[in-house]
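**Student:** One letter stands for each residue in the lines below.
Number of protein chains: 2
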Amino acid sequence: MTYPKNRLPEHLADSDRAAGFEVSDAFERFSQMNDIFTRAFWDDRVRTDDTDAFFASYRMEAAPRRGDGFTQKDFALRNAAWLISDIVSERSAAEGIREGFQGAIRDDTPVAPDKVELGDPGVEAAEVKAIAKIFGADLVGITDFDARWHYADRPDVRVMEPVANDLPDGLSRVIVMGHAMDADLVETYPSALAGAATGREYSHEAAIVMQVAAYIRNLGYRAVASMNDTALVIPYAIKAGLGEYGRNQMVLTPDFGPRVRFSKIFTDMPLAVDAPRALGLNDYCDACDVCAVACPVKALPFGPPDFGEEVTKGSPSTQRGVRKWSSDAEACFGYWAKLKSDCAICMRVCPFTRPRPRTGWLDRAWYRLATGAFGDRGRAWARRIAARRARARVKPREWWAALRKE
Amino acid sequence: MTYPKNRLPEHLADSDRAAGFEVSDAFERFSQMNDIFTRAFWDDRVRTDDTDAFFASYRMEAAPRRGDGFTQKDFALRNAAWLISDIVSERSAAEGIREGFQGAIRDDTPVAPDKVELGDPGVEAAEVKAIAKIFGADLVGITDFDARWHYADRPDVRVMEPVANDLPDGLSRVIVMGHAMDADLVETYPSALAGAATGREYSHEAAIVMQVAAYIRNLGYRAVASMNDTALVIPYAIKAGLGEYGRNQMVLTPDFGPRVRFSKIFTDMPLAVDAPRALGLNDYCDACDVCAVACPVKALPFGPPDFGEEVTKGSPSTQRGVRKWSSDAEACFGYWAKLKSDCAICMRVCPFTRPRPRTGWLDRAWYRLATGAFGDRGRAWARRIAARRARARVKPREWWAALRKE
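Protein chains in written order, with the numbering used here: chain A, 1 to 406; chain B, 1 to 406.
What the hints contain is simulated information worked out from the structure, not anything from laboratory work.
Quantities reported herein were computed from a predicted structural model and do not represent experimental measurements.
Mixed in with the good hints there might be a few duds.
Copies of the same chain look alike in the list, so a pair counts if it works inside one copy or between any two.
Calculated pairs, EDC-like style, for lysine to aspartate or glutamate (alpha carbon to alpha carbon, straight line, at most 16 Å) [what the hints assert, rightly or not]: (1) K405 x D120; (2) K133 x D306; (3) K405 x D184; (4) K313 x D255; (5) K338 x D49; (6) K405 x E127; (7) K395 x D184; (8) K313 x D328; (9) K133 x D255; (10) K133 x D184; (11) K133 x E28; (12) K133 x D120.
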């Protein structure tokens with residue numbers, strides 16, 4: 001289901017305006033068959049010996065060993081970090097579902113037979129957000145269900161053929177949670193070691209999203225836990241007020257910059273929604289191309305946002321009809337495959353990726369400049385400061401040496 | 001297997017002396033059949049309608065609702081908090097194993113075919129400890145395998161009959177990890193709400209112990225992940241230098257007092273071991289009976305440590321032949337069953353349970369006094385201060401009200 005342009009529900013049209021979303025007539029829902037990871041299993045234009053070896057490297061007997069950051073210990077840590085996510089994602093493989101990736105996480109517990117009596121939706125929303133933080137979420141926002149961001153279909157992972165990607169009706173609210181990645185590991189991208197930050201956070205988010213969803217079901221409401229499956233999380237995260245879209249294809253957040261992953265819960269619990277926030281973060285990207293310059297395969301755009309036609313040369317992995325920066329997904333994932341690990345150099349070099357939440361006065365002052373408190377001249381100044389403060393990659397062997405001394 | 005008194009390996013006899021352990025000729029290994037939770041399934045002296053209802057309350061359709069701290073929301077949070085632990089503990093039920101409780105956690109990943117080249121055992125130990133902290137452990141220590149602490153048998157949970165409790169040979173090292181419980185939830189004991197602190201930490205420890213064990217297997221060494229199963233963790237935690245045994249039957253740690261749970265990994269990775277530490281914590285208990293006074297069913301001893309014969313009136317749930325404080329497990333668990341949730345009033349009221357790790361100067365000064373830096377007179381002074389600073393239970397409804405305002 002999607003919304004014809006002139007029939008988009010008013011509350012979504014309003015929130016599109018607030019978020020600065022521009023959706024053209026060319027918009028169509030994204031098929032998860034065209035996700036670059038899914039294509040690596042069925043599309044010969046993407047699948048190579050390298051992509052096969054990339055996936056195999058997540059098993060230790062197939063993990064390659066070559067050079068600093070790609071030793072057995074680096075792969076050992078990365079692969080162990082993924083464990084909890086792996087256990088969840090593999091348990092419904094026989095039904096064609098890779099939970100949390102290609103299909104929602106199944107309900108481990110039923111909906112309680114009694115609905116708890118709820119108060120004001122604003123108060124209940126504050127409470128659920130605080131509960132999510134107790135379970136370990138770093139950021140939480142709530143927004144309205146929006147069919148446009150839901151995959152048109154999902155792959156049955158047994159045969160890699162498209163099947164229906166349906167949610168039950170009535171799940172009108174989406175709780176979006178942000179999960180900050182380990183700052184020190186991120187500093188070592190690109191490396192298999194840095195991939196431990198990714199795996200650890202997928203494992204965290206799997207546990208957290210499942211626990212929060214179980215809590216809501218225990219209150220008598222429905223709750224479907226979701227990671228990368230079912231719908232695009234980026235528009236939901238922006239709509240929920242957690243951040244803005246950056247040139248590096250990630251959500252830039254005030255506390256962590258792009259150093260954060262997202263999970264979501266679809267629920268019928270009546271909760272107040274958050275408004276998108278104008279944070280001044282992506283305006284900074286307009287005249288910053290640090291990520292695009294740093295990308296070794298030049299997969300990121302240098303120009304202004306567009307509707308996805310130009311930069312990506314018609315790739316089926318590009319969302320059409322939404323004005324935004326789009327990457328060359330084939331080039332990006334091709335580099336991952338060569339590395340045998342995920343790359344996020346574009347996260348590491350982003351000036352908004354600070355090692356820790358900005359608590360020092362210098363960080364706070366820079367952030368105010370960078371987000372436009374002193375207009376374009378302040379932004380230009382922030383860019384010059386950022387260039388001087390740019391951090392070199394931490395060598396994985398330095399990370400291990402520091403660890404031993406702790 | 002156990003060690004005849006005159007054949008206890010020398011390194012264990014040494015470490016017994018360092019830890020202040022006194023083991024008598026009456027010592028025999030504990031049968032997990034006699035664990036009070038296991039007895040609640042087969043022993044009519046323990047099993048009652050209340051104990052059945054206690055276990056049933058972990059399903060929302062059977063969770064009772066009565067009064068502050070025992071509302072649907074309180075049980076909802078507690079039961080959701082347990083989810084990750086539940087998923088792990090239930091997955092081998094068909095083979096008679098309740099993973100992490102009555103049987104070790106199964107290996108989710110194989111041992112890597114290549115052993116990583118290791119350096120100095122002290123350096124490797126420091127590194128593994130730091131890795132455990134990256135995965136979320138709050139405390140880590142390493143000690144030698146000691147067959148005395150291993151259950152003589154474990155129950156097959158299908159039939160509740162004893163079966164062999166064996167580990168593979170050669171797992172000579174035990175990594176013990178401590179997992180701090182949420183300070184604010186602990187302040188609400190007794191309540192179903194406070195049980196969320198227990199469940200959340202079991203879920204954390206399940207994930208963490210499985211990830212660290214997977215990491216070690218990825219290095220080419222064997223690693224068996226364990227929670228409450230396989231062996232008593234308390235003597236191992238003390239031997240690993242993490243704390244001392246308290247009157248309230250818990251390990252008192254410098255950072256968290258008794259507000260901590262423990263997991264462990266059995267491995268053949270050659271790691272340097274830690275020595276038990278004389279911390280001055282349990283000497284404080286000699287003249288402190290705050291926990292014993294607070295216990296509503298008087299399940300804790302008021303006198304000096306003994307060999308387990310007197311206080312507990314010959315209960316099979318008491319470890320025999322080790323000089324220590326012993327509780328009346330039947331009275332203790334009987335109270336849990338009445339509450340339909342775990343009770344840890346004795347953790348909440350312990351003067352060493354501070355809301356946060358002791359970072360304020362007053363907390364640090366008190367800790368120095370309490371642990372004997374100024375002898376018995378300093379300790380007496382610390383007891384008077386502790387009595388004045390004693391915190392009342394936080395009412396669950398106050399906890400929820402504070403949450404909504406966050």
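**Student:** Indicate, hint by hint, whether the structure satisfies it.
**Tutor:** Hints, verified against the model:
1. K405 x D120: Only across copies: K405 and D120 sit 13 Å apart there, 51 Å inside one copy, limit 16 Å.
2. K133 x D306: Neither: 36 Å inside a copy, 44 Å across copies.
3. K405 x D184: within (15 Å within a copy, 33 Å between copies)
4. K313 x D255: Intra 34 Å, inter 57 Å, cutoff 16 Å: neither.
5. K338 x D49: within (10 Å within a copy, 61 Å between copies)
6. K405 x E127: So K405 and E127 pass the 16 Å test across copies only (8 Å; inside, 41 Å).
7. K395 x D184: Classified as within: same-chain Cα gap 11 Å, cross-chain 40 Å, threshold 16 Å.
8. K313 x D328: Intra 8 Å, inter 74 Å, cutoff 16 Å: intra-copy only.
9. K133 x D255: within (15 Å within a copy, 23 Å between copies)
10. K133 x D184: between (22 Å within a copy, 13 Å between copies)
11. K133 x E28: neither (35 Å within a copy, 45 Å between copies)
12. K133 x D120: neither (20 Å within a copy, 40 Å between copies)
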